[in-house]
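Number of protein chains: 2
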Amino acid sequence: MPTEGKLPATAAQWSTRELILLEASRLFATRGFRGTSTRDICTAVGIRQPSLYSHFLSKQAIAQELLSRDLNSGIEALDRFARDGGSPSVELYRYLRWEITYDLEDPFDKRVLYNVEILALPELDGCRELLDVYNNRLEALIRRGIRGKDFIALDVIFLRRTVDAIILEAMRGSAEGAPIADQPDLAATVVLRALMQTPGEIDSVRARAHSAGL
Amino acid sequence: MPTEGKLPATAAQWSTRELILLEASRLFATRGFRGTSTRDICTAVGIRQPSLYSHFLSKQAIAQELLSRDLNSGIEALDRFARDGGSPSVELYRYLRWEITYDLEDPFDKRVLYNVEILALPELDGCRELLDVYNNRLEALIRRGIRGKDFIALDVIFLRRTVDAIILEAMRGSAEGAPIADQPDLAATVVLRALMQTPGEIDSVRARAHSAGL
DNA sequence: GTCTATACTCTGATAGAC
DNA sequence: GTCTATCAGAGTATAGAC
Chain A
3 MPTEGKLPAT
13 AAQWSTRELI
23 LLEASRLFAT
33 RGFRGTSTRD
43 ICTAVGIRQP
53 SLYSHFLSKQ
63 AIAQELLSRD
73 LNSGIEALDR
83 FARDGGSPSV
93 ELYRYLRWEI
103 TYDLEDPFDK
113 RVLYNVEILA
123 LPELDGCREL
133 LDVYNNRLEA
143 LIRRGIRGKD
153 FIALDVIFLR
163 RTVDAIILEA
173 MRGSAEGAPI
183 ADQPDLAATV
193 VLRALMQTPG
203 EIDSVRARAH
213 SAGL
Chain B
3 MPTEGKLPAT
13 AAQWSTRELI
23 LLEASRLFAT
33 RGFRGTSTRD
43 ICTAVGIRQP
53 SLYSHFLSKQ
63 AIAQELLSRD
73 LNSGIEALDR
83 FARDGGSPSV
93 ELYRYLRWEI
103 TYDLEDPFDK
113 RVLYNVEILA
123 LPELDGCREL
133 LDVYNNRLEA
143 LIRRGIRGKD
153 FIALDVIFLR
163 RTVDAIILEA
173 MRGSAEGAPI
183 ADQPDLAATV
193 VLRALMQTPG
203 EIDSVRARAH
213 SAGL
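Note that the protein sequences, when read in sequence, are chains A and B.
Residue numbering for the first sequence is 3 to 216, as defined by the numbering used here.
Residue numbering for the second sequence is 3 to 216, as defined by the numbering used here.
I should point out that these hints are in silico values taken from the structure, not numbers from a laboratory.
All C-beta atoms in this analysis are idealised placements derived from N, C-alpha and C, irrespective of residue type, glycine included.
Treat the hints with care, since some could be wrong.
[Said to hold, decoys possible] Sample of chain B residues at the chain A side, in silico, Cβ under 10 Å: (1) G34; (2) R113; (3) I120; (4) I159; (5) T191; (6) R195.
[Unchecked claim] Okay, the calculated bits of chain A under chain B, using three or more residues with CB under 8 Å as the criterion: (7) 108-118; (8) 150-160.
Between the sequences and the hints, there should be enough to build the whole structure, so can you do that?
Structure follows, in C-alpha cells:
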C-alpha cells in the first residue's frame with residue numbers, strides 16, 4: 003500500500019491533515035518527538051498552532067497515526083508475500099526489498115517512530131498491539147525458515163530484532179546521503195547472508211525473487 | 003576501560019556527580035533525553051533540582067559526558083584489538099564480544115545516546131568528532147577484512163552501519179528480558195556470518211579468538 | 001555543595017469570534 | 001476550519017542564604 007496511491011501528486015493539493023502528518027514526520031525525524039513543538043509543525047504547514055486541533059486530538063495522536071499506518075502496511079506486505087508461497091528465503095528477500103524500497107520512496111519520514119520516546123507514550127496502546135502482530139508475523143517467517151533448514155537455528159527473537167535493526171538502519175543511512183537505489187538489495191543481501199544456512203545460494207534466491215515479480 | 007574500575011563497589015559510596023550520570027542514563031533510556039527533566043534526575047539521585055548545576059553546566063553536558071565516555075572506551079578497545087594483530091575476522095569477533103559484554107555489564111544505560119535526539123544537540127560538537135574517529139576505526143577494520151578477502155566486498159559504510167545497528171540492538175534486547183549471557187556471542191556470530199566470505203569458518207574464528215584471550 | 005525561592009521561557013491545549 | 005487570545009503547567013537555569 004504505497005502512500006502515493008492515496009495522495010494527490012503535488013504537495014499543493016494535499017489536505018491540511020495530510021500535510022500535518024507529512025511535516026510532523028520530517029520534524030520528528032530530525033529533532034525527535036518531544037523536540038518538535040506543535041508550533042513547529044504548524045509553521046511548516048503554514049497554519050497557526052491552534053488549527054492543528056481541528057485535525058488531531060493531540061500531538062500524540064499524530065505519532066499514533068503515523069505509526070499505525072506504517073505497521074499496517076508492513077503487516078499487509080508480510081501477509082502478501084506469505085500468500086505467494088515459495089521458500090522462506092525468497093519470501094524474506096522479497097519482503098525486505100519491498101519494505102526498504104517503500105520506506106525510502108515514501109515522503110513520510112519514519113526514522114524515529116520506533117524509538118522509546120514515541121513507543122512508550124501512554125496513548126499508543128493500540129500501536130503496541132499492532133507492533134506485536136507485526137513482530138509475530140516476522141518471527142513466524144523466520145521460524146518457518148529454521149524448520150525448513152533454510153535459516154540457522156539461532157534464537158528467533160534475536161534474529162527478528164536483527165532484521166528490524168537492519169531495516170531501520172537502511173532507512174537512516176539513506177537520509178545521510180547513501181545511494182538510495184542500492185539500499186534495498188544491500189540490506190536484503192546482508193540479512194540473508196546472516197540467516198541462511200548456505201549463504202552461497204543467495205544468487206539463486208535473488209533470481210527466484212525476481213522471477214516471482216520483485 | 004570498564005566503568006567498574008573507577009567506581010566504588012557500592013552505590014552508596016558513589017559521588018553525587020557519578021550518581022547523576024548513572025540515574026540520568028537510566029531515565030534517558032526509558033523516557034528519552036527530552037522526556038527526562040532535570041527534576042526527574044535529581045529526584046532519582048535524592049537531591050534538589052538546582053543542586054545539579056553544582057556538577058554540570060547544563061542538562062546537555064550530562065549527555066555529552068555519557069557519550070564521550072562511551073565513544074572513548076569503544077575507540078580504545080578497537081585500538082587494543084588492532085594492536086593484537088590476527089586476521090580481521092578474529093579482530094572483529096573479539097571486539098564485538100568485548101563491546102557487547104561491556105555494554106551489558108556497565109551500570110550506565112547507553113541505549114539512546116546515539117539517537118538523533120541527542121546526537122543533534124548543538125552542544126555536542128566534540129562528541130561528533132569522537133564519533134567520526136570511532137567510525138573511521140571500525141571502517142578501517144572492515145576495509146582490511148575486504149582487502150584480505152576475509153569479508154565480502156560490499157559498501158564499507160553500509161557494512162559499518164550494519165555492525166553498529168546490531169551492537170545497539172543487542173543492548174536494547176537485553177533490556178527487554180533477553181538472556182544477557184547469550185547476546186555477545188549471538189551478535190558477534192550474526193555479524194561475522196553477514197560479513198565473512200566463508201561463514202563456515204566461524205567456528206575456527208571463535209576458537210582463535212578464545213585462544214587469543216577472549 | 002546543597003538548599004529555598006524565583007525568574008523566565010516554551011509548550012500543549014481550550015474558548016470563542018469569524 | 002482557521003483565526004486571535006489566553007491559560008495552566010512544566011521546563012531550565014540563576015540568585016543568594018546556609
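Evaluated hints:
no.	hint	result
1	G34	3 Å, holds
2	R113	8 Å, holds
3	I120	9 Å, holds
4	I159	7 Å, holds
5	T191	7 Å, holds
6	R195	5 Å, holds
7	108-118	holds (count 4)
8	150-160	holds (count 5)
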